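Two chains, each in its own frame: build the complex with the hints.
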Amino acid sequence: MSTRFDEIMSRRGEIMRGALGMDYSRFEQSPIAFDYEAMMADHGYSLADIKAIQRAAGVGDTPLLELRNMTDLVRSMSEPGKGARIFVKDEAANLAGAFKDRRASVSIHVAKEKGYEGVIAATSGNYGAAVSSQAARYGLKCIICQETFDSRHIGQPEIIEKSRICEAYGAEVIQMTVGPELFFHMIELLDQTGYFAASLYSSFGVSGIETLGLEIAEEMRQRTGAPPTVCVITHAGGGNTTGTARGLKRAGAGETQIVSASVDLSGLHMASDHDFNRKSFTTGHTGFGVPFATWPDRADVPRNAARSLRYIDRYLTVTQGETFYVTEALVKLEGLERGPAGNTAMTAAVSLARDLPRDATVVVQETEYTGAGKHHWAQLNFAKEMGVGVCSGDPKNNVPGKVIVIPERPEQIQAKDFDVDRMRRSYVRNALKNAGAGYTPTAADIEFLAADTNSSPEKVEALVAELKEA
Amino acid sequence: MSDQRCRAGDWVEVQSILLEPADRSKNLPEDTAAQPLRMWIKGYAQADADMGAEVAVQTVTGRTVTGALSDINPGYFHTFGRPIPELVHVGTDLRARLVEYRAAQSGDAVGESGGDEGAGSAAGQDAGTEGGAS
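Quick note, the sequences are listed as chains X and E, same order. Numbers 1 to 470, taken from the working numbering, label the letters of the first sequence in order. Numbers 1 to 134, taken from the working numbering, label the letters of the second sequence in order.
Here chain E stands alone, though its shape is the one from the complex (with noise of 0.2 Å):
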């Protein structure tokens, strides 16, 4: 990256350092006491700059910040990875003890008369729709 240099007008990021440990807040816990308080800020680059070089940037809100050039075009690459084995499963047990459930409760109803749903006539008949498949 170190051989990477802005120019004038380009959409860059800087960093700098908004507190030292010395001029931290003094109720911190021991590790983050150790480190000063960082910042990095996006911006337009206001002249040509060596990436780590200190160069200004003015920001959306038209304010000029003045910091390390860390990124040329900064991007975003968060994403969702790769599925979690321990939850594959969920959807494919839970709509099972779904059916389960609503088959035993469409066998007890058959004796009984009807739901106990009061207002919720509609939830009687989801459940009729979807137990009674089998």
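Chain X on its own, in the form it takes in the complex (with noise of 0.2 Å):
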């Protein structure tokens, strides 16, 4: 029997196309390849257009600090002319108080433009903050679906302060409890409103992050003569590692490495009702990292702008417990108190610039706001009332869900390396199982997936044929 689930789902194309008011089949070349830059510069926004969008939006321009702090505190533990300068890009000074203001800025904008009554996003993050701040700006309705409690009506902190911001700023927000079925509702919402998709995922949004590669690499050589020698991004979806590696090359810093960073959250699952508020992070996590880097056309959009394994040259875990002592180091080493999920990046730079040389710079591409809720203290309260365990300890002891170990010293914080390979490997079997058992792939769909995965032809056929005879 065909359920109000199903009856949706069925319609979801054709929702999805009014809703985006663009037509993503134009882009389409193959079961496996479409054309990704087409469809990423449809929109016909300039990166000075963008610019000039996001200025008058509040957005952007966020100040680009030299944590010297940090940097002697990494100095102190590294080798001999080992311990590179860190910088960050305060991203919390944005108007809604994320980086997520850039997306926002360019799809509201867009939805302005398009003449939409109003926008719809499903998000339990600072995107649907910024979402809001925006569509109040603008003056369009607002709705956020938002995955915020268990069965047993509890939520995180952190979410129920998502939930406050967006009703602060005039949206309207439905709670819902675990299940991937947020978007299900958020389409059906899109099919009674008529509402545009402010998706995470759209070219707009994506676009709108180029501008911080951009800024990263002008301040940089204003700074210091060159564009960083890393920069590190905190990594959730894959829009922020994609629009950031985006715009540096766009701004000729091509050579500057991208690395990811993600809280491991290995163990945990993400549409588990019993492990959702055992997670202690809502974002910038493996739970989102991994399935989106391995197949990024699982979102709410045809095709997902955001495609992180075109741009990663390496990806990092670093645990809850050495976030949370990075995020208090940097309030007071710093006098910056920022959001836990935002210093993700940070511990990971932490870890990898004791490994650089002392004349290499690392710019940490982020920060959150915090607040009631949104604070390392409240997520470890939060963690200790759901019965997780908190101790200190060596952080290799950190189980997510059972028990947060927050490091000693600084020394133990130690991130992790995610084999690119593999996430390239899981990322090729998908697109062939998507494509259907019997498609063989064209050596155009070989160029392509060797371009989605930042790899040769020769490595992804290499890859197929072994796929085919697994």
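The set of hints was computed from the structure by calculation and includes no laboratory data. Remember, predicted model here, so these are calculated numbers, not experimental data.
Computed list of lysine-lysine pairs in DSS-like fashion (alpha-carbon distance at most 30 Å, straight line):
#1 E/K26 - X/K468
#2 X/K384 - X/K402
#3 E/K26 - X/K402
#4 X/K114 - X/K141
#5 X/K249 - X/K82
#6 X/K416 - X/K332
#7 X/K459 - X/K433
#8 X/K332 - X/K402
#9 E/K26 - X/K433
Structure (structure tokens):
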């Protein structure tokens, strides 16, 4: 029997077409390949246009701060001659407190231009605040669908705070229990209201992040004479990595190493009612990072503009305890009180800067706002209430959902390399699976897969052969 | 709470079930699949109602949504909570470590010809100011 869920999901493509104001079928080339760059350029805005849209929206041009105390902290535990200079782009200075404002500002501008009455987004994160804030500025109605509570009506304080801030900006917030059907209800509402789908993964949103890469390249050239050696990016759905890396490349900083960083949440199931309140992080974690990198088109748009494997040079994971420790260190050493999830990249930077020469530069490209609920104390107190242990010790013993181990000394902060080749392999497997069992990739498909995984056609060819045999 | 009653026009919260377990996505872990998908939404009550009774609300976007009355003038009560004992020492430890490191560096620098900062002369000055205080 067909349910309301099946009925809405079967009309998903048609509903989303109307709600995005963009026909994605024009970019499709085969069951595997599509023209990514044509999709990204389709909105017709230059980078200068996007900067102007953002300036009018109170977004961008955030301070780039050199963290001399964090740098010396790293040097105090590095080999002689090692310990790179650390900088941070203080994205919390955006209007609604996070880099997500860059995404929202372009999406909402487009919604206004195209004459939509309102916008809808499904998000439990900072993006909800960003969309609500921009919708308020543009005088558009706004609905945010949020995964807020477990089945006992208990919610992480960080998400409750996100409900509050969205409502403060005048949005209608729909708070739901755990489950991916959040997107089903969003699509149902898009159908009902005719509003614009302010998807996190549209080309509008991801183009909005390119200015962040551009600003980093330009400011670092002014400050140090060169783009950064490394840019460390907190990685969740992949938009942050994709947009920042594209912006750096467009600014001529193609040599900058792109390092994505996520909090390791392995062992926790993202759709589990039980695990929901035991994550202690709502974003910036591997629960989004790995699935979206290895299959970006699982998103709410036909083709995801956030395709992080195109750009990742290195993917690091850090533990929950390490990230809370570094959040506390940043407050006390730099006077920067910022949200823990946004400090994921900072935590990875503390680890990787130790192994780089002193004249190297590391830019951590975001921070996010903090406050009641959305604060490392609030998260740790809530973890304890949920029965998760919190103790001091070696962060190697951190077990997501069971025990958060806060380092005793900064030397214990050791980011781990996640195998990017393994992610490339998963991506190719997913692409083949999605194309259908009988489909044989063409030479053009191989080229596409190589570009989409930042690999070579030869390597992809070998991978395809190997996967077919298996 | 059950003796509470809202009046028409009050800012309230209602709760409803979006999907019963049988109607949910087939791709769910067991614990989630056993639960209905619930939602809560706020708006202006369209009629007087008792807590738990069905009432229509008009939301801020102007939609009319019906559900069981779950709160009247709903608020937010999230906080920071108490300090975390495992974190309270971090600031003191690290500041002391920096003082020690910089003192050692400025000692070393006597025999050398300055910092290794290249373009970072300001960084050298900062380190000198703080480390040299002792």
